[in-house]
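Sequence order for the protein chains is A and B. So the first sequence is numbered by this note's numbering: it starts at 14 and just counts up by one. So the second sequence is numbered by this note's numbering: it starts at -10 and just counts up by one.
Honestly, I wouldn't trust all of these hints.
[Claimed, not checked] Covered by chain B, per the in silico footprint, the following chain A stretches (three or more residues, Cβ under 8 Å): (1) 32 to 38; (2) 45 to 56; (3) 59 to 69; (4) 75 to 89.
Since the hints were made in silico from the structure, they are not lab data. Beta carbons are placed, not taken as given, at the ideal position from N, Cα and C, and that holds for glycine.
Spelled out from the first residue to the last, the chains are:
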Amino acid sequence: KQEVTQIPAALSVPEGENLVLNCSFTDSAIYNLQWFRQDPGKGLTSLLLIQSSQREQTSGRLNASLDKSSGRSTLYIAASQPGDSATYLCAGTDSWGKLQFGAGTQVVVTP
Amino acid sequence: EAEVAQSPRYKITEKSQAVAFWCDPISGHATLYWYRQILGQGPELLVQFQDESVVDDSQLPKDRFSAERLKGVDSTLKIQPAELGDSAMYLCASSDSYEQYFGPGTRLTVT
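With the rest of the complex left out, here is chain A (with noise of 0.2 Å):
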């Protein structure tokens, strides 16, 4: 069964700095790597999409890559803001498009 590890739970920051958010994976043959951002009591937004055969995608501020070989995803977020804050979640993807999620990143960005 896919392992999903999102280190560390818990991140603070002030405003400006980068945000580096990291998951680990067991399996190396996961299909996808989705990353999605959770406001509390809120659903799940999507932020980044990467395909098996893609090793980054970007969007605005944000980037994230994939290393399938050594079982690890990086979510970048450039000059961070107060709402940034968040908790931040990466999830597998196997190929029937079950997703198996980690337990996600909270992260405060101080003014």
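Starting from the structure of chain A, add chain B where the hints point.
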């Protein structure tokens, strides 16, 4: 922008009562998922539908949970009887290919 709709947003019920959640996926999305998210953890898949057929319900507690998607469009998840341990966020997602899009969720509290 098309969204996944869920209702109710919040539900408080007493132990041993029945409760039902509804999900309307993005139009045209053939795949529908129900997830359960316990506070502080990542979502876990309960059931996956492809059109009206169940693809994966291996993690669904079938003695008390049931799910249906009769016409391959909207879906209902039912719990009967509810237990204290069922308190969680219930999330619905839909997909037409690689990426899953989540609804706002239903927060269930069992007292």
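Status of the hints after comparison with the structure:
1. With 0 residues having a Cβ less than 8 Å from any Cβ of chain B, the region 32 to 38 of chain A misses the three-residue criterion, and the hint is violated.
2. As drawn, the region 45 to 56 of chain A meets chain B at 6 residues by the rule of a beta-carbon pair under 8 Å; at three or more, the given contact holds.
3. Check on the region 59 to 69 of chain A: 3 of its residues sit with their Cβ under 8 Å from a Cβ of chain B, so the three-residue criterion for coverage holds.
4. Residues of the region 75 to 89 of chain A with a Cβ under 8 Å from some Cβ of chain B number 0, which does not satisfy the need for three, so the listed coverage is violated.
Of the numbered hints listed earlier, those contradicted by the structure are 1, 4.
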